Each structure stands twice: as structure tokens, then as C-alpha cells.
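2 protein chains.
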Amino acid sequence: MGMTQQTIQLGRRPKGTPTYEDFNFVEAPIGSPDKGEVLVRTVYISVDPYLRGRMNEGKSYIPPFEVGEVISSAVIAQVEKSNSDRFSEGDVVIGSLGWQEYSVVKDNEVRKVDHHQAPASAYLSVLGMTGLTAYFGLLDIGKPKEGETVVVSGAAGAVGSVVGQIAKLKGARVVGIAGSDEKTSYLKDTLGFDATINYKTEDIAQALKDACPDGIDVYFENVGGEVGDAVFPLLNNFARIPVCGAISSYNNTEPDLGPRVQGYLIKTSSLMQGFTVGNYSSRFKEGAEALAGWLSEGKLTYEETITEGFDHTIDAFLDLFKGANTGKAVVKVSEIQE
Amino acid sequence: MGMTQQTIQLGRRPKGTPTYEDFNFVEAPIGSPDKGEVLVRTVYISVDPYLRGRMNEGKSYIPPFEVGEVISSAVIAQVEKSNSDRFSEGDVVIGSLGWQEYSVVKDNEVRKVDHHQAPASAYLSVLGMTGLTAYFGLLDIGKPKEGETVVVSGAAGAVGSVVGQIAKLKGARVVGIAGSDEKTSYLKDTLGFDATINYKTEDIAQALKDACPDGIDVYFENVGGEVGDAVFPLLNNFARIPVCGAISSYNNTEPDLGPRVQGYLIKTSSLMQGFTVGNYSSRFKEGAEALAGWLSEGKLTYEETITEGFDHTIDAFLDLFKGANTGKAVVKVSEIQE
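Chains as they are written, first to last, in full-length UniProt numbering: chain S, 1 to 338; chain Z, 1 to 338.
Just so you know, the hints here were simulated from the structure itself, not pulled from any lab data. Don't take every hint at face value.
For identical chains, the list gives no copy identity; a pair is met inside one copy or between any two copies.
[To be verified] Calculated pairs, BS3-like style, for lysine-lysine (alpha carbon to alpha carbon, straight line, at most 30 Å):
#  : residue 1 : residue 2
1  : LYS209    : LYS15
2  : LYS143    : LYS285
3  : LYS285    : LYS209
4  : LYS285    : LYS112
5  : LYS299    : LYS188
6  : LYS81     : LYS170
7  : LYS285    : LYS322
8  : LYS200    : LYS285
9  : LYS35     : LYS299
10 : LYS81     : LYS322
11 : LYS143    : LYS35
12 : LYS168    : LYS209
13 : LYS15     : LYS106
14 : LYS188    : LYS106
15 : LYS112    : LYS15
16 : LYS106    : LYS143
The model shown is predicted, which means the values in this text are computed figures rather than measured ones.
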């Protein structure tokens, strides 16, 4: 090899909404694998809202990126050269890898995926972290029962779209909140949601009241902010709120103020539970099998917003905060070689 | 009898903090018990913050008082005349009764308490609703483990003081927040809390940080508002927040705005669970036995703020919102006749 590649480093900590200037493209050598290592070529990069949190300083559930560090996220890659008996050239693998065109990694840092069973990118979405996030958050915390009303925000996103579909499979009435008419049409026409709300054009409080005449039993929180605020007055007794994301506030530079929730929780004996998918790592197999089963039975569909080309990785990331994606946002960096 | 008595009716719905003018003293006949009924004389009236919520219109976990209706709450009374084979004259009973000097009630609306085993008023506090509220909220939702940090607000109140003591019995480090130096001294010197904060004189955010160098594992929420706000940035991973009360907001006429909590819950995978003691009615026996056991072993102490005289019932209620009480606030209306 002996060649160089592009990598994307955090150039500085974003203030508010990230911009191009917060990142640096840096040329770096392509390494070569030592014993027990593999050289992989990046195929798909997952861009995710939670990465914004890692660009800040301070404790969270995963350590922050350092300035000058290559950004990393879930990546699908193909083995170019193996110095490990666990992998052969051509294997397609998944792991938490850098935003770069090639990576040299230890053989225990990636695992094989079967890209003949499902498209490789699906392992970044419906069969991967976002699908598992939907599965465990909804079923373990939300616990929807037949006939209950489940509201999901960010409903056309990678997590929300799976949440809504699983809730339908469990017999719930599903109301999806999204930010464009194109997205709400997708939710109703393709995914079979019972009702939808475009929070950008509708009065969210009134629209939610209209869409939930029997109140709200489960609210899957992906966005926070005023959308979340509108839910609390409509909670039924013993409602459950899996708190998965709050994308509306990730770029805030001012305190994120809204109505305090204690009174609503007391009146209805409701539960809010923050979570990250990593809490369920001991049960990933169960979740992945259930999702793969539904997918193969045609009970689960998924959408991807694919940005072509490593050079556009930052665009794809910034687009998340404009609500530009439907389903999972991924960057396609190279083709899988059969 | 054929005589009359004083009753206290809701005169109008309070706007903001209740005042005397929201209540009417109304003279009413003392009834006489039909078959299966008893006439009881009021001994102690429980005044509780949650009653404020019942003075508003609109749904909550219990129906609102109507204007012109006699206020009711937990009451200890003594049987004056029994027309039921379940009760004899002189029996001391507890029930949800009106704010009046005498009541005629069906014999299934009250139950006997043993005022020789514990003072009768204890059945309104440590052995009654507030003790059970502390017991189930802390143990069922808060689940404190040995060595964890438990923070309780309203710590010198009827619920908070029991929460802190049970947390100590479970081996936790207990930090109490209260509104006077007299109360914080009581918490430390009499109840053995590990640290205390006077939220009226200290910078609550800084004081909490100082008092909780290892973060917060359990926050028992009694007050809401800025005290609650200060807790969220200090939550440890998998923290639990039983949400029992939000007295700081009960009299608000403006929206109660504060930092939204979603981001904090996600970062720490923390849980907030609203509850009312009624959710645990099927387990009251378990709770009451545990509390009575600790009380008789001297492991649990309790305080009462007793206001003397039926005429001062409204004062006792209004005092709750001034933080005037330590421990359970009760009104003593008459003496138990042995």
C-alpha cells in the first residue's frame, strides 16, 4: 500500500449548530495490518445525531471526541488484507471505525455481517444500532399494549420509523410526528401509521389533541423541545416515555427551557426513562433476531438516505439537523467487491 | 343530638396561593346514624399539599372538590354513636372524612386504629399515607443501594423525613434539602442525615455539588422548581427519581418553566417515575407493618406540627405553602375520650 488517504478530524468544538469549519480533512497514511489485525476499506459510514454530543466536552454516556481526533461511528467495511485467521479478504464487517477511507483494526474490533442475507447498509440501521434502539426502547420501556396510543417523534427517522412499525405489530394505534408532508405521507402510505402530524406546519398541541382522542399511553421521545412539551398534558395514567433523543436541543447554546414535567408525571403516575442502546448489549442477539425475522417476513420496511462519496460525509452529518433524511442516513464511500 | 356544627366548604377555586377567602365556614346539622352507619367526632384532621390540586378544576388522579362542597381529607375520629355491629362507642377510626366537627358515615368508610399501640395521629403520618408514600416511592422506585447517595427535597416534611430515615436504614448516604436552619438541624441532629442544604439561604446548585461529591443516585422529588432543576446535572448513570410532589408549583398561575430534562435522562439512562400512594394499595399491609416495626424498634422517629382547634384548620393548610411545618401537619379538633 504505502499510500495515503483522507480522514476527517474534529477541528474544534462546535458552538451551536456544527458547520464545515468545525471539521478538517487531513491526509494520513494507510497503515498495514500487524499480526491479529486487518486492513479494511470503508464501505458505508453511519452518521447519527448522537455524535453531536460527543463533539462537546464533558461527561456523557460515551467519552467526547478530542480536538484533532478522527471522528468515529458505526461503519461497514470490507477486508482488503487480513493478518488474522478470523477474517479473509473480501469479508464484509461492521465496527466502530474512523471517518476515513481505510482502517487498520484489531480482529476483535469488527465482526462479520452477512450482506447476502440483507443489504450491508441494513446492519447500520434496521438490523443495527437504530433498529435495536427502537426495539429495546419501545418494548422494554414503552411496553405498548394492544389498542393503546403510541406517539413517536422523529417518526420518519431511522429509529422512529422502526418504533412505529413495531408498535403497529403489537396492535397499538400509532401517531407519528415528522417535519415535512413528504415524510408524513411516507409514514401513512408506506408504513401504515394511523395518524401523522407535520410539526412544522401544524399547531402541535392542537394537532396532537386531535390525533389522540383517547390520550397518549406511550411517547417515544426522539426530539425534545416543544414537540415533547405538547405530549405531557395528554398523558394517560401510567403512561411510559422512553427518552431516546432530544435532537431539537443538541445544538442549543442557551439553556433549553420548557414546562417542568413533575406535575404531569405525578398526576398520571407516568414514567420517563432515558436510555441508550448499549444498556441492552447483553440482549442484542434477541433484538437482532426479532428484527431480521420481521424484515424477512416483510413486516418491517426501512428507508435510507444515502449520500454518495466520502467527500460528502460532513454534508450528510449536517443534514441530520436540518431534518433532511428519511430513515437512516449513511454515506456510501465505496462499493462492495464480490 | 339535633345540634349544629361548623363545616369548611370550598368557597371558590383559589387562584395561585389559597387564601382564607377561598373557604367558607358553614353551619350544618349534625346527622344521626342510620342502620349500618356511625356518628363520629373528629379528633385529628390531616392537612396535605396534594389537597391544593383538588381545589382546581380538571382531571388529576382524584376528582376535584366542587365549589360549595365540604373539603375532605384523612381524618382520625372517635365513634360517638354506633348503629353498626362493626363499631362500638369510643372506637378510634380513620377515614376520608369532611372538614367538620362530626360526621355520619357508613361503617365501611372507616376502619379502626389501635391508638394504644401508637398515638392516634401517627396513623395520619408515619403509619399512614405519608409514611406509605415514603416507603413505596423510595423502595419501589428509588431502590437505594448501600453506599449510594440519596437526595430528598422537602426533607423535613411528613414524607421527606421518612424517606431519609428509610434510606439511612438501607445504608445510603442521605442529603436532605429543607427551607430553614431549624429544619436542617433537625435532619442532621435528630434524624441522622449525612448532609443538609437550606435552599433558602444557600446556592442550591453549588451546595448540592458540594454535598454530593459522588453524584446523585436517587432523588426523591417533593418540591419541583429550582430545587429539582439543580439535581439533574448531578445524576449518576441509572439514577432513579421517584416524583412524589412539586409543591413549589402547586400555586403557580404562570407556566412553570425550567430546563428540559430529556438530555439529562438520556446521558445518564435515568428514570423519573410519578406516583401516588394509591398505586400501592394492594401492598399497604406490607408497608404499614414495616413502618410499625421500625417505629417500635426505635429506628424511625417522626415529628408533627399540631395546630389546635377546628377554627384554625385553614391556617394549618395555608401554612403548608409557607413551609411552616416540620413533619406531618395535623389539626387537633378534639380529645380522645378513654
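Now for the hints, and whether the structure bears them out:
{"no.": "1", "hint": "LYS209 <-> LYS15", "in the structure": "between (36 Å within a copy, 26 Å between copies)"}
{"no.": "2", "hint": "LYS143 <-> LYS285", "in the structure": "both (19 Å within a copy, 29 Å between copies)"}
{"no.": "3", "hint": "LYS285 <-> LYS209", "in the structure": "neither (38 Å within a copy, 40 Å between copies)"}
{"no.": "4", "hint": "LYS285 <-> LYS112", "in the structure": "within (14 Å within a copy, 55 Å between copies)"}
{"no.": "5", "hint": "LYS299 <-> LYS188", "in the structure": "within (15 Å within a copy, 59 Å between copies)"}
{"no.": "6", "hint": "LYS81 <-> LYS170", "in the structure": "neither (45 Å within a copy, 57 Å between copies)"}
{"no.": "7", "hint": "LYS285 <-> LYS322", "in the structure": "neither (33 Å within a copy, 55 Å between copies)"}
{"no.": "8", "hint": "LYS200 <-> LYS285", "in the structure": "neither (38 Å within a copy, 51 Å between copies)"}
{"no.": "9", "hint": "LYS35 <-> LYS299", "in the structure": "neither (43 Å within a copy, 63 Å between copies)"}
{"no.": "10", "hint": "LYS81 <-> LYS322", "in the structure": "neither (38 Å within a copy, 73 Å between copies)"}
{"no.": "11", "hint": "LYS143 <-> LYS35", "in the structure": "neither (47 Å within a copy, 48 Å between copies)"}
{"no.": "12", "hint": "LYS168 <-> LYS209", "in the structure": "within (20 Å within a copy, 44 Å between copies)"}
{"no.": "13", "hint": "LYS15 <-> LYS106", "in the structure": "neither (34 Å within a copy, 67 Å between copies)"}
{"no.": "14", "hint": "LYS188 <-> LYS106", "in the structure": "neither (44 Å within a copy, 55 Å between copies)"}
{"no.": "15", "hint": "LYS112 <-> LYS15", "in the structure": "neither (37 Å within a copy, 64 Å between copies)"}
{"no.": "16", "hint": "LYS106 <-> LYS143", "in the structure": "neither (39 Å within a copy, 40 Å between copies)"}
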